[in-house]
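**Q** Take a look at the letters that make up each chain.
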Amino acid sequence: MKISWLPTVAAVAVIGTVIRAAYFTPLEALQGGAQKIFYIHVPAAWVAFLAFGLVAIASGVYLWLRDPRLDRFAESSAEVGVIFTTVVLITGPLWAKPIWGAWWAWWDVRLVSTLFLWFIYVAYIVLRGAVESAELRARYSAVLGILGALLIPFVHLSVYLFATMHPKPIIGKPDRPSLPNEMLLTFLIALFSFTLLYVAFVRSRYQYAEERDAAATKADFDA
Amino acid sequence: MPETSSYYHIAYAIALGIYAVYGLSLHIRRKRVRAKR
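Going down the list, the sequences are from chains A and B.
If you use this note's numbering, the first sequence corresponds to residues 1 to 223, in order.
If you use this note's numbering, the second sequence corresponds to residues 1 to 37, in order.
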């Protein structure tokens, strides 16, 4: 059996990150163990933003050049982005419950806008499955892919614009990161390894889309 | 310090489970499409 190096390296990096976060990173004084959810929740949110941002860029360039490789990339990145957003939406409430005393708050704009972002890209995937013509499918989904990404700055800035329980960024802000060095290092390792996992997933999903399209072309040719 | 470790154990298990299942689904989908070709 042939072993692909990128998924293997990404899986090892993610497992190593989780071990470091769980056993070799100090507990936070106020929140205890629940704060360690930070090391998977925030990198998943970063990857989701990256994934949907790249969907928008690839979609915009697709509408200009009409290159099917860009459509395949956008399709792949959107699906992987939905997976990472799902992780954000599950790990967030698991962190919120012991700290806020509630799993979810419908009035909290950060939480609800993240859920809407997830809905938009789930709709993107459903739309792709519903349109038969490859050209129309690529065009419609490119428009939705671009419009959906407009929500990203709103989600990021929502903690500054509205009253929210969600903490403000402690890394992605103009000042220095407000984390002790050991925790900061674990966080940066987590950012790197989950980004690597995103690259491995998108590469694999892109190759699948390529093989699927080649099989469809061959089937049309045989018919 | 509150005892809240069980929440992060569950969060880590669910997150790793989701990534593993998705990775496996990609592998299976690629295998199926190759079999068609």
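In short, the hints are calculated from the structure, not lab data.
Among the hints, a few may not be true.
Taking lysine-lysine and the DSSO-like style, the derived pairs with C-alpha atoms no more than 30 Å apart in a straight line are [as the list claims (entries may be wrong)]: (1) A/168 <-> A/218; (2) A/218 <-> B/36; (3) A/168 <-> B/36.
Among chain B residues calculated to face chain A with C-beta under 8 Å, some are [what the hints assert, rightly or not]: (4) 3; (5) 14; (6) 23.
Footprint (simulated), chain A over chain B, 3 or more residues, beta carbon under 8 Å [stated by the list, open to error]: (7) 5-12; (8) 26-36.
From a predicted model like this one, the values you see are computed outputs, not experimental measurements.
Think of the CB as a built atom: it goes at the ideal place given N, C-alpha and C, for glycine as much as any other residue.
**Q** Determine which of the earlier numbered hints do not hold for this structure and return their numbers in increasing order.
**A** 1, 3
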